[in-house]
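Engineer: Now for the letters of each chain:
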Amino acid sequence: MKSLRPVALYAGLTLAALTFVYPFLWMTSATFKPPLEVGSLSLIPHHPTLDNYRTMWARAPFGRALLNSTLVATTITLAVLVFGSMTAYAMARLRFRGSPILNAATMAILLVPGQLTLIPLYTLIVQLGWVDTYAALIVPYLFNATAILMLRQFFLQIPQSLIDSARMDGMSEFRILFTIFWPLSKPVLSIVAIFTFMGSWNEVLWPLLVVREQHLMTLPQLLTVFALGGGAGSIGVSLASAMVLVVPVVVAYVFLQRNFIESMAGSGIKG
Amino acid sequence: MRAEQKSGSLMSAPYGVFLLVFAVYPIAFALVLVFLQWDLVTAPTFAGADNVRLLLHDGRFWRAVANTFVFLSIHVPLQIVSALALALALNRQLAGRSFWRAAFFLPVVISGAVVAILWSNLYATDVGLINRVLMKLGAAPVPWLTDPATAMPAIAVMVTWKNVGFYVIIYLAGLQYIPRSCQEAIEVEGATAWQRFRYLTLPSLLPQHILVITLSTINGFQLFIEPYVMTGGGPLRRTYSVVLYLYNNAFSYQKMGYAATIGVALALIIGAVVFVQRRLIGRAEAL
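For the protein sequence lines, the chains are A and B, in the order given.
Take the first sequence: its position 66, counting from 1, is numbered 66 in this note's numbering, and each next residue is one higher.
Take the second sequence: its position 154, counting from 1, is numbered 154 in this note's numbering, and each next residue is one higher.
Calculated directly from the structure, the hints in this document are not laboratory data.
A portion of the hints provided could be inaccurate.
[As the list claims (entries may be wrong)] Which chain B residues face chain A? A few, computed with CB under 10 Å, are given here:
1) G16
2) F69
3) L72
4) I74
5) Q93
6) V108
7) L118
8) A124
9) L129
10) F224
11) A260
12) T261
[As the list claims (entries may be wrong)] Simulated coverage check for chain A against chain B, where a stretch passes if three residues somewhere in it have a Cβ under 8 Å from a Cβ of chain B:
13) 87-98
14) 141-151
Note that the coordinates shown come from a computational prediction; the quantities given were computed from them, not determined experimentally.
Yeah, the Cβ is synthetic: ideal placement off N, Cα and C, and Gly gets one too.
Using the sequences plus the hints, can you model the full thing?
Structural biologist: So, in structure tokens, the structure goes:
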């Protein structure tokens, strides 16, 4: 029994792993196939071509969308790290009026489903005149309650003696946070950075509401509009446009998979 | 002390402002919008309980809610079984465990929009990969996304596939907490593998079951990009989701008051369903 079992286990695991990986391999190979070949199950194109990529790049501003997505996701991630740390540090280590209210409010808004605030947020953006601006894509995400609670939890464990001696040396609270707390908090900072970046990179509903101008669209939005609007025209072209979104993520995932799994599983984000 | 008070206020003031503008105000305004009619072009008008009345009799809304329950009735059990099975497999002495884990987790990091576009092609009736395999095996092709009976189940299977890696991690974490001593004790008692699973592993994972049920349920109510990309809500509105209906009311029909009403109703429904699930799980546990 003991000798047969592992064989069955590994066979089962291989089959399961193939189910998860094969569709992406097929997708990658399909983008290099001419239209007549796309339907085949084979992973190796018989007549490899770059036409799908040329067509996709020529028909919609994917280069610009890549820039937009990178700009938006990077700005949001930096803001969540810097502003989130400031807030979390104040909540964890400083006594000030309003601290308990902030704490309670942060817990409370995590319980409110996003659909409840989606429309009021959208009307707010319209009234601010922010439709078709980067501000609409970035500003509502500058703070993140999950990130603040995670950082706060971590900051609570750092010894008070470090703060006390830094204060004796006349350091400001900002300097204590960024020169003493940050270097000690790399694990939690990387967790927050990954789930914030991924959440922003993959977000599609919000951009679909607040951006209509093609040149301001983020990648998942342009991809969706392109595939639905019939702009792609063929499977190969629409899958090639999806690759622009997937390749950076998969490259990062291959190198940082432990951090990715820890981060995204820990935060409850499922893309 | 005064310095601490001052730095504290200074460091948290931006967040305080943000909360007021982007959390407190939208929540309050959602409740105001329920009583308004507003197309964003002309001034909003007071509509009394019109939106609520309309919602209660809106067949399309309730169709979307019913669709969600169809989705959940397939997605939640399938998600538990598949995630638990993979987690149990990964919890053994394995060569290359991190490789397997990474493979299962891969779809989690990929954008839902990409997964929807990819699976539209896998599910396509004539040229889709799945039907090609079926035909090779001698079976008839299935019109997965164009048959009203199979469209929602097909989407539910796809979403389960996309998220399973996430829930595998949750179960793996839970499995670490089952004490060695319990496992050894039950083996000494001569329990079969099935008995060990049924009377030790399964009940010990209760917190994880609750987490998986709650998160996959909430996730199911937020279904949007999949029907938006793959079916547009069809065929016969069988894959229309609540969020898709909300989005169309706001974006296509410019009905802000009604869209906000759908949002509030959805939040209440999610709260109620999660509450009932917790009660049922609590009762099942007591038995």
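Engineer: None of the hints should be skipped; say for each whether it holds.
Structural biologist: Here is what the structure says about each hint:
Taking 10 Å as the C-beta contact cut-off toward chain A, the hint placing B:G16 at the interface holds, the least distance being around 7 Å. Taken as an interface hint, B:F69 does not check out: its beta carbon lies about 17 Å from the nearest beta carbon of chain A, beyond 10 Å. Residue-level restraint check for B:L72 is violated (minimum Cβ-Cβ distance to chain A is 15 Å; threshold 10 Å). For B:I74, the suggested interface contact is broken, since its CB lies about 17 Å from the closest CB of chain A, more than 10 Å.
A least Cβ separation of about 9 Å between B:Q93 and chain A falls short of the 10 Å threshold, and the interface hint therefore holds. Hint on B:V108 holds. Least Cβ distance to chain A is approximately 6 Å, under the 10 Å limit. Because the smallest distance between the Cβ of B:L118 and any Cβ of chain A comes to about 5 Å, under 10 Å, the interface hint for this residue holds. A least Cβ separation of about 8 Å between B:A124 and chain A falls short of the 10 Å threshold, and the interface hint therefore holds.
Residue-level restraint check for B:L129 holds (minimum Cβ-Cβ distance to chain A is 6 Å; threshold 10 Å). Using the Cβ-Cβ criterion of 10 Å, the hint placing B:F224 at the interface with chain A is satisfied: the shortest such distance is roughly 6 Å. Hint status for B:A260 relative to chain A: holds, with the closest Cβ pair at about 4 Å, below 10 Å. A distance limit of 10 Å between C-beta atoms decides the matter here; for B:T261 the minimum to chain A is near 9 Å, and the interface restraint holds.
Taking a C-beta to C-beta cut-off of 8 Å, the stretch 87-98 of chain A contributes 9 residues in contact with chain B, enough for the three needed, and the coverage statement holds. Residues of the stretch 141-151 of chain A with a Cβ under 8 Å from some Cβ of chain B number 3, which satisfies the need for three, so the listed coverage holds.
The earlier numbered hints that this structure contradicts are 2, 3, 4.
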